[in-house]
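S.K.: Sequence:
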Amino acid sequence: MHNIIRGDSTYNTFDKQVELVKKAGFDGIEINQTQSFEGMKAALDKHQFAGSYFYVRVELKEPYIDMRLEEYIQQLKGSKTIIAPFIIVDAARFKPSSHGADTLVVRLVTQLSDWAKAAGLQVAIYPHHGFYVERTNHAMLLIKQINRKNVGLTFNLCHWLATTSAAERTQLKPHLKELKPYLKMITICGANDVMTSQKTIWDDYILPLGTGSFDTYGLLKYVVKDLKFKGPIGIQCYNIKGNKPQLVQNTMAIWKGYKSRLEYEQ
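All residue numbers for the sequence shown refer to the numbering used here, where the first residue is 45 and numbers rise by one.
It should be emphasised that the hints constitute simulated quantities derived from the structure, not laboratory data.
Because the structure is a prediction, the values reported are computed rather than measured.
Where a beta carbon is used, it is the ideal one built from N, C-alpha and C, also for glycine.
Accuracy of the hints is not assured; some may be wrong.
Straight-line C-alpha distance at most 30 Å; calculated BS3-like pairs for lysine-lysine [stated by the list, open to error]:
no.: 1; residue 1: Lys300; residue 2: Lys272
no.: 2; residue 1: Lys66; residue 2: Lys224
no.: 3; residue 1: Lys265; residue 2: Lys285
no.: 4; residue 1: Lys188; residue 2: Lys274
no.: 5; residue 1: Lys221; residue 2: Lys124
no.: 6; residue 1: Lys303; residue 2: Lys60
Derived CB-CB ranges, DEER-like [said to hold, decoys possible]:
no.: 7; residue 1: Gln77; residue 2: Tyr308; range: 35 to 41 Å
no.: 8; residue 1: Gly69; residue 2: Asp259; range: 20 to 26 Å
no.: 9; residue 1: Ser257; residue 2: Arg112; range: 38 to 44 Å
no.: 10; residue 1: Glu114; residue 2: Pro225; range: 24 to 30 Å
no.: 11; residue 1: Arg112; residue 2: Asp259; range: 38 to 44 Å
no.: 12; residue 1: Lys188; residue 2: Glu114; range: 31 to 37 Å
no.: 13; residue 1: Lys105; residue 2: Asp259; range: 39 to 45 Å
My request is simple: use the sequences and hints to build the entire structure.
M.R.: Okay, here's the thing in structure tokens:
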């Protein structure tokens, strides 16, 4: 995800950021919303690097979708970039995890599906804590209604932790197995396996990879070894403080360690 380096005072252009992340050994980087598209696309083209996914805003009021999006998706034709819509609405109209606007969401994501299909791309609804679609089970219900092969969802560890009860957490593996037919992408991070009391919940649920009490490696092993997931796996670094270039390097070092363990463990 772009937030691994976004906001750094030295790596303060898309060009510098893409170059750093590519040299560190990552396979791709996020295009973060339509306002970033042109600058990030130019940097990706220059460095012959992949836009792993395109994080896009869908708001449940007119005009709903930035109309530049159809053109931008077409520019990604053949790139394997995943289109990742997050769905937001005024909470006074519809509460998170409610279903009053589902018909509208189905229509809007179907439109994205059409544009993506024309470009040979996949769509992965992005459940996000506090947004209209915040839970994975809500996303799955919408996907079943949309009923398009190129429409699925992202499993985000941090947002799943932020929207689940202690009882639900004991059912993570069965839930992931249920999601598997619709799973297009996964994002992981370090995290604490607690019901957080932090003022900022991400202080428990988004930590540097390899830290925290949650067994992120165990999650990764289950998804890769047992579920045979072949899609992209991303890193979530929102709100992590400190030296961002060092975070890039440290994250890749931990990831390489995870990969080695996966290769040698049954």
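S.K.: The structure should be examined with respect to each hint, and the outcome stated for every one.
M.R.: To see whether the hints hold, each was checked on the structure:
1. Using a Cα cut-off of 30 Å, the hinted pair Lys300 and Lys272 holds, with the two alpha carbons roughly 19 Å apart.
2. This hinted pair checks out: Lys66 and Lys224 have alpha carbons roughly 29 Å apart, not beyond 30 Å.
3. Of the pairs offered as hints, the one joining Lys265 and Lys285 holds, with about 27 Å between alpha carbons and a cut-off of 30 Å not exceeded.
4. For the hint linking Lys188 to Lys274, the alpha-carbon distance of about 21 Å falls within 30 Å, and the restraint holds.
5. Pair hint Lys221 plus Lys124 holds up; C-alpha atoms about 24 Å apart against a cutoff of 30 Å.
6. With a CA separation close to 27 Å, the supplied pair Lys303 and Lys60 stays within the 30 Å bound.
7. The given range of 35 to 41 Å is respected by Gln77 and Tyr308, whose C-beta atoms sit roughly 39 Å from each other.
8. Between Gly69 and Asp259 the Cβ separation comes to about 24 Å, which falls inside the hinted range of 20 to 26 Å.
9. Separated by about 42 Å at the C-beta atoms, Ser257 and Arg112 satisfy the suggested range of 38 to 44 Å.
10. For Glu114 and Pro225, the Cβ-Cβ distance of about 28 Å falls inside the hinted range of 24 to 30 Å, so the restraint holds.
11. Between Arg112 and Asp259 the beta carbons are some 41 Å apart, a value that agrees with the proposed interval 38 to 44 Å.
12. Range check, Lys188 to Glu114: about 25 Å between beta-carbon atoms, so the 31 to 37 Å window is missed.
13. At roughly 40 Å, the beta carbons of Lys105 and Asp259 sit within the given window of 39 to 45 Å.
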